[in-house]
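Build the full structure now, drawing on both the sequences and the hints.
Top line first, the protein sequences correspond to chains Z and U. The opening residue of the first sequence carries number 1115 in my numbering; numbering runs sequentially from there. The opening residue of the second sequence carries number 1115 in my numbering; numbering runs sequentially from there.
Simulated from the structure, these hints should not be mistaken for lab results. Take these hints with a grain of salt, some might be off.
It does not matter which identical chain is meant; a pair holds if it fits inside one copy or across any two.
[Unchecked claim] With a straight-line Cα cutoff of 25 Å, these simulated SDA-like cross-link-like pairs (lysine to any residue) come out:
id : residue 1 : residue 2
1  : Lys1150   : Arg1305
2  : Lys1150   : Ser1289
3  : Lys1174   : Ala1292
4  : Lys1174   : Arg1255
5  : Lys1150   : Ala1288
6  : Lys1174   : Ala1238
7  : Lys1150   : Glu1285
8  : Lys1150   : Gly1258
9  : Lys1174   : Thr1231
10 : Lys1150   : Ala1297
There are 2 protein chains.
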Amino acid sequence: MTAPAKRPGRRPGSADTRGQILNAARAEFASRGYEKATLRAIARAADVDAALVHHYFGSKEQVFLAALDFPVDPATVVEMAAGDLSRVGERLARYVVALWEAPEARERLLAVVRTVTSNEEMAALVRGFAHPRLVAPLAARIGGPDAEARVEMALAQIIGLAMARYVIRVEPIASLGAEDLVALLGGALQRLLGS
Amino acid sequence: MTAPAKRPGRRPGSADTRGQILNAARAEFASRGYEKATLRAIARAADVDAALVHHYFGSKEQVFLAALDFPVDPATVVEMAAGDLSRVGERLARYVVALWEAPEARERLLAVVRTVTSNEEMAALVRGFAHPRLVAPLAARIGGPDAEARVEMALAQIIGLAMARYVIRVEPIASLGAEDLVALLGGALQRLLGS
Chain Z
1115 MTAPAKRPGR RPGSADTRGQ ILNAARAEFA SRGYEKATLR AIARAADVDA ALVHHYFGSK
1175 EQVFLAALDF PVDPATVVEM AAGDLSRVGE RLARYVVALW EAPEARERLL AVVRTVTSNE
1235 EMAALVRGFA HPRLVAPLAA RIGGPDAEAR VEMALAQIIG LAMARYVIRV EPIASLGAED
1295 LVALLGGALQ RLLGS
Chain U
1115 MTAPAKRPGR RPGSADTRGQ ILNAARAEFA SRGYEKATLR AIARAADVDA ALVHHYFGSK
1175 EQVFLAALDF PVDPATVVEM AAGDLSRVGE RLARYVVALW EAPEARERLL AVVRTVTSNE
1235 EMAALVRGFA HPRLVAPLAA RIGGPDAEAR VEMALAQIIG LAMARYVIRV EPIASLGAED
1295 LVALLGGALQ RLLGS
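Structure follows, in structure tokens:
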């Protein structure tokens, strides 16, 4: 591998190299799925050295999250499901509501919902990533019959609630205080995921 | 009121009169909210006689549903919540899944989700309608503390699940048979709404 400092034969990093890599990554992840996509193919499509992709982003997962501009590391969510399953709903709800209530993270999350809803390439991007990196590991932590389907119901509840509160802004959900929202969402997630 | 057959002074119905009325209706509902919007103002903005709006659509609610191209009559959903609350989740889930599995209704429902997500005018349209015509009457049928918030959690679960199954198409939810889907969604709705 050629380190970026060594000025590889292909184009060195420039102001919009990062953007070119992300465009190439979105196309590669959408067409081949997260599992089959490679940093090498992304680098080739972006006309840069693979080491440069590694230098900018570190791992395939980090390239993916940057391509989606997604403010959450799925590994953190999966970690959160570890431990006492009798409180898993509240832990997840507290984490999710804290993200939503931070305006910058909320905007990025809603932008993902918007693009996924209106853009098949972005939907394919999420489709290929969500199962192996989020649903399957969460289901393994949760256990029990139909764990994957219940995890997806929980994620659907979370996304639907975000749309109700922040996009449609229907009352009374739109004006609930954060603690009341944690209690409401936490109860629903607990019934879906808890032991 | 002047009946359309009598050729009122304003422009009579033409091929795209219906479309003009719906454009005017979307603007009026979005800017004033469902409750304050009037058929008279919609007619004025569309430059047609109010009787013509009545002739084409019947009621304000029907104008609204046509403006949104929404394939569901909320009154039907509210009726469904009447009766045995120990089976309300299954009844609602069966109705919703049957709609989703009909391709034409599904396409129209997803189009609403798409436009609401990406268009603030459409979000405002739904905001002004959803509470008085769907959430409040459903909550009155369901009863109990926090009934409105629980109804909105149920609607959020339904919309989120539609996105997971039909937009993102994440497995295993995307390939579940209709009966398994009714059982999964029905259970979640029952826990949110049931007595």
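We went through each hint and held it up to the structure:
no.	hint	in the structure
1	Lys1150 x Arg1305	neither (35 Å within a copy, 39 Å between copies)
2	Lys1150 x Ser1289	between (43 Å within a copy, 21 Å between copies)
3	Lys1174 x Ala1292	neither (34 Å within a copy, 36 Å between copies)
4	Lys1174 x Arg1255	within (23 Å within a copy, 50 Å between copies)
5	Lys1150 x Ala1288	between (40 Å within a copy, 20 Å between copies)
6	Lys1174 x Ala1238	within (16 Å within a copy, 39 Å between copies)
7	Lys1150 x Glu1285	between (43 Å within a copy, 17 Å between copies)
8	Lys1150 x Gly1258	neither (29 Å within a copy, 50 Å between copies)
9	Lys1174 x Thr1231	within (24 Å within a copy, 29 Å between copies)
10	Lys1150 x Ala1297	neither (39 Å within a copy, 34 Å between copies)
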